[in-house]
Amino acid sequence: MNPALRYIQGYPEHITTPVTKLVDSGRLKAWFENRYPENHTIKSEKALFEYTMAIKNRYMKKTAPLSKVVYDSKIHLINNALGLHTYVAKVHGGKIKSKNEIRIASVFRTAPEPLLRMLVVHELAHLKEKEHNKSFYQLCCHMEPEYHQLELDARLFMIYLETAKQNEPK
Numbered sequence: 001m002n003p004a005l006r007y008i009q010g011y012p013e014h015i016t017t018p019v020t021k022l023v024d025s026g027r028l029k030a031w032f033e034n035r036y037p038e039n040h041t042i043k044s045e046k047a048l049f050e051y052t053m054a055i056k057n058r059y060m061k062k063t064a065p066l067s068k069v070v071y072d073s074k075i076h077l078i079n080n081a082l083g084l085h086t087y088v089a090k091v092h093g094g095k096i097k098s099k100n101e102i103r104i105a106s107v108f109r110t111a112p113e114p115l116l117r118m119l120v121v122h123e124l125a126h127l128k129e130k131e132h133n134k135s136f137y138q139l140c141c142h143m144e145p146e147y148h149q150l151e152l153d154a155r156l157f158m159i160y161l162e163t164a165k166q167n168e169p170k
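Residues in the sequence shown are numbered consecutively from 1, following UniProt numbering.
Hints should not be assumed to be uniformly reliable.
Heads up, simulated DSSO-like pairs for lysine-lysine below, C-alpha to C-alpha not over 27 Å straight-line [unchecked claim]: (1) Lys29 / Lys165; (2) Lys21 / Lys43; (3) Lys46 / Lys130; (4) Lys62 / Lys95; (5) Lys74 / Lys128.
These are calculated hints, taken from the structure and not from any lab test.
Construct all of the structure, not just a fragment, from the sequences and the given hints.
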């Protein structure tokens, strides 16, 4: 099995079989670029923070504030994640100060905008729902109705990147 296909491990056969055929035939690149012809322009961390805050303010005004939203080149390598939400509480002079941070894998700096939006929505949902449960996914779908398709497409993006890297001349 192609190691890049690990991103869709656990998906049902009616999804994995066509993806495997696309990868094996070398047609995934053309399929993906046809589906997502343009990448987003949100390159700086300031722009990423503003983008995230616009989504948060539209759907989750009453949740805890965010202190940081950044692209992170290490998270994919550390725990095979595409994004992380962290909550840090510190005692400072008898008061508890808390900070919520979102980190997006830096490979998504050059991704199509819908895939970045799906990741941001996923991490924002963790402000309210810590676990990946039914309420969590309902919140994700409330903010992004195509959430489940975009989650699969984000995995296909990772396969696309890996197969492109494998096919580069050495």
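Going down the list of hints, with the structure as the test:
1. Lys29 / Lys165: holds, 11 Å
2. Lys21 / Lys43: violated, 33 Å
3. Lys46 / Lys130: With a Cα-Cα distance of about 25 Å, the restraint between Lys46 and Lys130 holds, given a limit of 27 Å.
4. Lys62 / Lys95: At roughly 21 Å apart (the allowed maximum being 27 Å), Lys95 and Lys62 satisfy the hint.
5. Lys74 / Lys128: holds, 25 Å
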